[in-house]
Amino acid sequence: MASRDLVGYDFIAAGLGLATTKAAREYRHRHKDYPKPVNPGQRSPLFRRVDVDRYIAAHRKPGAAENPVPAPIKIDLSKLVDFSYFAEGLQISLKTAYKYGTPTSERYITGFPEPVTPAGVRTPLFNKLEADVFIAGRRAAAENQKGRVRAAAIGDTARAAAQEVCRLLGRDVDLEDRKQLQEVLFGELRLPSTPSTSRGPSVATAELVKLQETNPHPVLHQILVYRGAIPVESRGDHGDA
1 MASRDLVGYD FIAAGLGLAT TKAAREYRHR HKDYPKPVNP GQRSPLFRRV DVDRYIAAHR
61 KPGAAENPVP APIKIDLSKL VDFSYFAEGL QISLKTAYKY GTPTSERYIT GFPEPVTPAG
121 VRTPLFNKLE ADVFIAGRRA AAENQKGRVR AAAIGDTARA AAQEVCRLLG RDVDLEDRKQ
181 LQEVLFGELR LPSTPSTSRG PSVATAELVK LQETNPHPVL HQILVYRGAI PVESRGDHGD
241 A
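Counting in the working numbering, the sequence shown runs from 1 upward without gaps.
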C-alpha cells in the first residue's frame, strides 16, 4: 500500500466537533458511509485521511465549534508490521509477543523495536526492517543456545512435538511460556531443578539438554525436539513406555 495520510478516532472526533473519541467510535453505527479502516480487526483502527475528510464534510453539525484537528500520521503500510509479525517470525504466541515488546512487562526484551505509531495506540505498528533485524538476532541467539527462539521456522516436526507434549500431559501448554514450562517440568513432573535464575529454575535449551541426559523424560524429550535441540530420529532412553 502506498504512503498516505492516515488518521484515527481522535481526528474524526475533532473534525465532527465531538468531545471524546468514544463518541467518534459510536458514530460507526449511525452512518453507512463511515470510513473503512485500513487495518481491519485492530483495536486502534486507522483510516485514510481522504475518506475521513469526506465523512466529516457530510456529517459535521452546522454551527459546531471549530476544534484543532490532530495531525494525520504519514505512514507507508507496506513497510510496517504489528505484533502478529513478531509472533509468526519467532514462533511464539501473540500474547508473548506483546510481553516481549511492552517495556512495563517483566518479560520485556531490551532492544525490541520502538513503535512508529504515537504513544497510547493500542495496536502499535513497527518498522518492518527493524522487526526483521530483531527477529534475526533472536534466531541467531537460539542457534547458540542463548535464547529460546528456534533458529528455523516451525515445521511439521516441531508442531507434532508440541502436540505430543499436550497429549502426554492431557492438556494444552504453551511451550514458549517460561512459567508454564517451569510449572510442568519442576512442579507437575517433579524433575530435578536446573540452575536457578532470578526467575526460577532455568529453562534454557542448554540446561534442559543436560537435564534430559541425566533424567530422561518423554515430555522433556518432546520439548527439546520442538526446540530443534534433539533430532526427531534420536529416540534414546527417554521413557516412552
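Since the hints were derived computationally from the structure, they do not count as laboratory data.
Computed from a prediction, not measured in an experiment: that's the story for all the values here.
Please note: incorrect hints may appear among the correct ones.
[Stated by the list, open to error] With a cut-off of at most 27 Å between alpha-carbon atoms, the simulated DSSO-like pairs for lysine-lysine come out as follows:
(1) Lys61 with Lys79
(2) Lys79 with Lys32
(3) Lys32 with Lys61
(4) Lys128 with Lys99
(5) Lys32 with Lys22
Going through the hints against the structure:
1. Lys61 with Lys79: Violated: lysine 61 and lysine 79 sit about 37 Å apart, past 27 Å.
2. Lys79 with Lys32: Roughly 31 Å between the alpha carbons, so the hint for lysine 79 and lysine 32 is violated.
3. Lys32 with Lys61: holds (17 Å)
4. Lys128 with Lys99: Satisfied, since the Cα-Cα distance of roughly 19 Å is no more than 27 Å.
5. Lys32 with Lys22: Given that 27 Å is the threshold and the Cα spacing comes to 18 Å, the pair holds.
Comparing the model with each numbered hint stated earlier shows that hints 1 and 2 do not hold.
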